[in-house]
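Colleague: Once you have looked at the hints, place chain B on chain A.
If you read the sequences in order, they're chains A and B. Residue numbering for the first sequence follows this note's numbering, beginning at 1 and increasing consecutively. Residue numbering for the second sequence follows this note's numbering, beginning at 1 and increasing consecutively.
Keep in mind the hints are simulated off the structure, nothing from the lab. Every residue, glycine too, gets a C-beta built ideally from N, C-alpha and C. Mixed in with the good hints, there may be bad ones.
If you anchor each label on the Cβ, the simulated ranges turn out as follows [stated by the list, open to error]:
1. A:Tyr276 - B:Met217: 55 to 61 Å
2. B:Thr163 - A:Thr107: 35 to 41 Å
3. B:Thr92 - A:Ala15: 38 to 44 Å
4. A:Leu116 - B:Ile143: 24 to 30 Å
5. A:Gly226 - B:His8: 34 to 40 Å
6. B:Trp174 - A:Val223: 25 to 31 Å
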Amino acid sequence: MKNHKYLFVFCMLLAIAMAGGIFTRIYVSLEEKQEKNEKLHVVTSFYPVYIAALNVAGESPNVELENLSEPQTGCMHDYQLTPQDLILLSGADLFLVNGGGIENFLTEVSESYPELAVCQASEGVELLEDNAHVWMDTTLYAQMVKNIAEAFCTADPAGAEVYQANAEHYCRQIQNLTDQLENLKAAAAGTSVVIFHEAYAYLAKELGMETAYCLDLDEERQVSAGEIADMMGEISKNHVSLVFAEELYGKDMGDTVEAETKARVCYLNTLVRGDYEAGSYLTAVQQNIDLLEQALEK
Amino acid sequence: MEWFSWLHYDFMKYAFLAILIITPLFGLMGTMVVNRKMAFFSDALGHSALTGIAVGVVLGVSNTNVSMAVFAVIFALLLNQISSRVAASTDTVISVFSSFSIAIGLAILSKGGNFSRYSSILVGDILSITPEEIWYLAVIFAITLFFWTLCFNKLLAVSLNRTLARSCHIPAAWMENLFAVLTALIVMVSIKWVGILIINALLILPAAASRNMSANMREYHFFSIVFSVFSGILGLVISYYVNVATGPAIVILASMIYFITYWWGRRYNI
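Next comes chain A alone, as it looks inside the complex:
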């Protein structure tokens, strides 16, 4: 009986190890990428940077672009690097980040890979205090695109012309949006707005609006009753008629605000998540502009 038991335990552990091994093997072979080649391997930190880099790289066959986080991850404030991320970075030639403190794991990365070229896309861009959601401002976003193009050119001088041409083409499209926002400015400038996400501060600034209160409703954020009361107080004190919120996290709060005050809530895209289409930044901003137009007309 006793020998039986040890044999059984041995077989059980062996079976589990085999099952685990086979499962892992299948998983890895599904994930396995093509052979590494001479391409320029670029890794971006999160969505807006990825889209900008995607446009700069364009159709170029020499660039392999990958994003560290999933397209739906959202803001990276509290992102934890996974072992898989470190492996991805170990094969990269260039690491593009937003900068301004959003990627707080950067020191960890530069400790592990001192030779990896890191480019902060928001470098030289005028940031708001403690707020690096630069891409919300189309003018600043265009600057980011230029910075990214520079980084591409330094990393791969042979393709410089292509990258610069792509960046210029993309910047022209962005300029079109900037012009539309400029038109909205007439109606918007000078009014007060309450925002439910730090990112909208850039949009408010671009429209010349005054940010009366910022209630940061983020991915894992819980608000206290006192903060809500504060925010409501600011709305009535400053006669705020417009609130910018994110549909995903601000809907409940938005409904409350609309029920309790006279302010209208405008649900805009923060552009931190979306699909991996080259044009998705442009369409998302366009949608934001359309929504703003409607909201300001009323």
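Modeller: Relative to chain A, chain B alone:
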């Protein structure tokens, strides 16, 4: 795919070392935790880590490991004292303490809406293992082995029958307190990479599975340690290739072992 490519990375080497040291300890301590029906107690201990970190943040301690360990030891001793004195049953008292300490921890850490910064401690982060942490583990390992060889028989006697043990001049309260403190320390040094939500499973599952199989104390220890080390190493490797958090991978394997041994135990070991 190479089966040993994970050893190229420093963080994986550290993690591997940490697992080699800590899983036998979990197996060892688990046997007694299961014997003494202390599963809920160790669960509450794990939760108190949150409060320990919060207290450290409030006091401005730079190394929250220290505040965590100190708080956990105090918490464990307090729980031991109070649960032997009040009229309500032990699990009620533990539940009260556990929820109170979680509430304090959450209240402090969520101040200003920054809780997400600490959310990694809920699921664990294997990159948090540093060479320094491995030294902590090694020290705890030595202390535990020392305690186990010297005091195991006495501890067992206390857990079987407290009155009988005291009549043999065994300091029952001392034994219980020492055991609680050791459990607290082991939980605290490994909680950052295992995660609060599942650390208890690591302590309970190998021993519980082993109990299904074993006929005596020696076998009970042996199987518990084997299961614990096995699921630890295999979990680490799988989590590396499949890109999931390590703690949960280990617990899933340990649970599988438990289910299989449960079936075996029902059939042959009753």
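Colleague: Which earlier hints can't be squared with this structure?
Modeller: 2, 4, 5, 6
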